[in-house]
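Numbered by full-length UniProt numbering, the letters in the sequence shown go through residues 1 to 244 in order.
If you are wondering where the hints come from, they were derived from the structure by calculation, not from laboratory data.
Fair warning: there could be bad hints in the mix.
[To be verified] Pairs of lysine-lysine, BS3-like flavour, derived with a Cα cap of 27 Å:
id	residue 1	residue 2
1	K79	K116
2	K115	K37
3	K86	K123
[Said to hold, decoys possible] Cβ pair distances, simulated, as ranges:
id	residue 1	residue 2	range
4	S67	P31	43 to 53 Å
5	T32	E72	46 to 56 Å
6	L49	P7	41 to 51 Å
7	R85	E11	37 to 47 Å
8	D104	E72	27 to 37 Å
9	K79	E144	42 to 52 Å
10	Q141	Y101	15 to 25 Å
11	D82	Q5	47 to 57 Å
12	A119	Q4	48 to 58 Å
13	G120	H16	37 to 47 Å
14	R106	K37	30 to 40 Å
Please read all numbers here as calculations on a predicted model, not as lab measurements.
All C-beta atoms, glycine included, are put in the ideal place defined by N, C-alpha and C.
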Amino acid sequence: MQQQQAPAQREFFNLHANGIGYLSRVRWVTPTGRGRKAEPFLACAISALRGAADSPDYTYFDLRVSSAEAIELIESLQKEVDERRKVLISFRIADLYAHPYERDERDQKGRPTGKKELAGLIKGRLILVNSVRVDGQLVYQRAESNAEAAHVGSQPQGDEAFYDDHGVGSPEQGGQDEQPHGPAPQERAQAPAPRQQPQYRAPAPQGRTPSAPTRQPARSGGYGSTPGHQRQGGYADRREHDYA
């Protein structure tokens, strides 16, 4: 009896982006075409914040809302968006790609010139919304985001906890940087101890230290006198030349 093999699961490469931005242009889109591609879908735009908090820059995303949870939430915010209220969301988007298109060219006063110009934007799929603030007031917080943030110990935005992991351990790194400098003074203080040992007493007769002439006469009984000079074969002459 032959065993039926389970169908192989398809593998995908994920490209995700997490951030915070202002929600706009919530609308239902009905594409022209046939089949599944012609089904209406919910779309929105997000002006994502980046850079310094006191003077941020913005990156514009035009997104298709994918998950059922995100569709229900974004659709419920359409009224606030149409009223031009400040709707700030913490989000996760997937499958980003650049989309070039043509648009009507306008002059500095915003009047159409009758010409076309090339423009571009970043498209993708909105798959997750972690939190929503309307005019600064928190109106939605995803439960799993709270659990994730509490586990990591970071800010309440669940996706932002991912970035805090890179900063963990910076105090430890600072301590490691100080450790190599700590033992160094002790090593320098202990280093002179071997040099203070009397290792050079034996070679004193070779005339390498200034104290040799004062110690040698008492130890050798007239070492360096005229008879000694004759016996040593000119040692005193060599010693005088060394100190000249």
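Any hints this thing doesn't respect? Which numbers, in order?
1, 2, 4, 5, 9, 10, 13
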